Amino acid sequence: MLTLSISSRLWEAVDEDWLQCLSNESVESLLLIPSGIVQDHWPTSPKEFVLTLKSLVYPREQADLKKVFPNFQPTSLNSVLAQGMNLKKKHEVEVLSAIVSSAASAMRADAVIDVGAGQGYLAQVLAFEHQLSVVAIDACSHHGKVTNARAERIKKHYMAQMRKFGSGNQRLNVPQTIKCNIMSLETLKSLTTMLSHKGDVEQPKPIEQDLELGLAGRGSSLVLAGLHACGDLSVTMLKTLLECEEVRAVISIGCCYNLLSEEGFTNAQIQYGFPMSCGVKSVNLSLGKSSRDLACQSAERWKSLGKDAGLHNFELHAFRAAFQMVLHKYFPEVGTSPSIGRQGKALRRKQQRKIIESELQAEESTYSDLPQMACNMDEACSVTHSGESEAVNTSGIRSDVDALFTKMSLHTGSTCERTTSTDKYSLFEKFCQSGLCRLGLKPSDNINFHGIWKGVEPYVSLIGIYWSLRAAFGPLLETLILLDRLLFLQEQGDVLESVMLPIFDPAISPRNVAIIAKKPDAGISSHHSSR
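According to the numbering used here, the residues represented by the sequence shown are 597 to 1127, in order.
Think of the hints as simulated: they come from the structure by calculation, not from any bench.
In this text, all values refer to a predicted model and were calculated from it rather than measured experimentally.
Think of the CB as a built atom: it goes at the ideal place given N, C-alpha and C, for glycine as much as any other residue.
A portion of the hints provided could be inaccurate.
What the hints assert, rightly or not - Derived lysine to aspartate or glutamate pairs resembling DMTMM-like cross-links, with alpha carbons at most 25 angstroms apart: (1) K899 <-> E621; (2) K760 <-> E725; (3) K663 <-> E1093; (4) K877 <-> D904; (5) K686 <-> D1019; (6) K684 <-> E929; (7) K663 <-> D1117; (8) K903 <-> E1053; (9) K643 <-> E621; (10) K751 <-> E782; (11) K835 <-> D1090; (12) K899 <-> E929; (13) K835 <-> E621; (14) K899 <-> D889; (15) K643 <-> D660; (16) K1115 <-> E841; (17) K684 <-> E896; (18) K835 <-> E624; (19) K684 <-> D904; (20) K1038 <-> E929; (21) K1115 <-> E1087; (22) K899 <-> D1090; (23) K885 <-> D904; (24) K684 <-> E644; (25) K741 <-> E690; (26) K751 <-> E725; (27) K925 <-> E859; (28) K925 <-> E1053; (29) K650 <-> E608.
Stated by the list, open to error - Derived DEER-like restraints, expressed as beta-carbon distance ranges: (30) S786 <-> G1047: 51 to 59 angstroms; (31) K741 <-> E1053: 41 to 49 angstroms; (32) E1087 <-> K760: 37 to 45 angstroms; (33) P928 <-> R605: 44 to 52 angstroms.
With the sequences and hints as input, model every part of the structure.
In structure tokens:
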């Protein structure tokens, strides 16, 4: 693991010629390594290593979706439906809702189930824009309340539009919401046949009546959709398609592979998230937590980082590795690499914000909106992140923090180059204090943060090189996980038709590969073949 890289000196496993070559490379060049981009002057062996990894990765260029799906008609969301979405989420919802709508139309589905619905963005677009009966399922009760409140606001807008244009008698679909922690295949299977359970549902009666008629074993037809359904949830969706008669098709984009259960690495259970297929099981291939963590790395996001953001990223990895040394020395009972959240990035943003505010006070800014941006950063950075969610400010509009800092850097120049050794130690100490609090540990006066940082500092430059080479495995590991799922579906023979397809623009949404499967008589076109 990277957090053990300093104490274990893992970079010593890297060829010395590689380290010498890459130590002279710019940050920008290092950030391109996970995308499979090499430099002409490199020695042959590192070039072959990076290019070989790239050749094994499933292509991410967005497919021509109009050739794949009948009646695929993506529409740009209006300001009411798009409220609260950033550019990434808006793009994902526009594309996926059009695919789901096409699938539901082709099979004359009674309803769509949005699995792991979050705040209901996809469910609401499917219901209000595409006029589908939708059930939004999420484990978080807060998400359910947000979904319902947001749906009410959208409903008022659409009803006003209907009255304005004289269509007041037209039926208006509103998503049904269910709070449920889907921990097993049986749970999701049960939900597909028990959605009319009154105790868990807050929904206008017309939709309930339709669902009762459709889901009571009378030839109902359901589509499961999941936009970045975390960990085992994506796997459970695929298995539900196999084992539940009512489910006719699944459209799943997975994420959070670090949360996958894995045979041999998780407490004994009947079902595991990896491996799924008999093919992968037969070769006794295992990943482990470190590799599953790596599968979450996005080459596109690495490539999009600028010099400053890249250096900040490398420093945060150094902080986390050094923090592990603090835990190992002073809190050995904690164990290896516990999760401490994202507070390191928040500390970095606070430091950047101070620099920005200082410069704005010192001179007149040519960007009149920067002061307000700086003032709003505390709220934008303080929101708890979950899965693929982004920060939300007080107006309800999501803030793309990285984009804000990109714009700010046009004015402020390179802030990280002005970060002194003392500043880095100060940030490291704050990082440790925050991490200890996150773990419920009380910092003691005898912890020698300064001594540990001094021991780490000479090796910080190697972290960026080691981490870039390590991250190059990320897209390949994700490919392996996704192909395992596709192979599982294909092993079912004629029972299912399945395809793996990049459906989003990877520059906007790097986690863009969907697994789409249907029962042969479901009516969805699937002539696009996977590699």
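Hint-by-hint comparison with the structure:
no., hint, in the structure
1, K899 <-> E621, "holds, 15 angstroms"
2, K760 <-> E725, "holds, 17 angstroms"
3, K663 <-> E1093, "holds, 17 angstroms"
4, K877 <-> D904, "violated, 43 angstroms"
5, K686 <-> D1019, "violated, 38 angstroms"
6, K684 <-> E929, "violated, 41 angstroms"
7, K663 <-> D1117, "holds, 20 angstroms"
8, K903 <-> E1053, "holds, 20 angstroms"
9, K643 <-> E621, "holds, 14 angstroms"
10, K751 <-> E782, "violated, 33 angstroms"
11, K835 <-> D1090, "holds, 16 angstroms"
12, K899 <-> E929, "violated, 38 angstroms"
13, K835 <-> E621, "violated, 46 angstroms"
14, K899 <-> D889, "holds, 19 angstroms"
15, K643 <-> D660, "violated, 31 angstroms"
16, K1115 <-> E841, "holds, 10 angstroms"
17, K684 <-> E896, "holds, 13 angstroms"
18, K835 <-> E624, "violated, 42 angstroms"
19, K684 <-> D904, "holds, 22 angstroms"
20, K1038 <-> E929, "holds, 14 angstroms"
21, K1115 <-> E1087, "holds, 14 angstroms"
22, K899 <-> D1090, "violated, 41 angstroms"
23, K885 <-> D904, "violated, 29 angstroms"
24, K684 <-> E644, "violated, 33 angstroms"
25, K741 <-> E690, "holds, 23 angstroms"
26, K751 <-> E725, "holds, 11 angstroms"
27, K925 <-> E859, "violated, 32 angstroms"
28, K925 <-> E1053, "holds, 18 angstroms"
29, K650 <-> E608, "holds, 24 angstroms"
30, S786 <-> G1047: 51 to 59 angstroms, "holds, 56 angstroms"
31, K741 <-> E1053: 41 to 49 angstroms, "holds, 47 angstroms"
32, E1087 <-> K760: 37 to 45 angstroms, "violated, 54 angstroms"
33, P928 <-> R605: 44 to 52 angstroms, "violated, 20 angstroms"
Violation of the numbered hints given earlier is confined to hints 4, 5, 6, 10, 12, 13, 15, 18, 22, 23, 24, 27, 32, 33; the remaining hints are satisfied by the structure.
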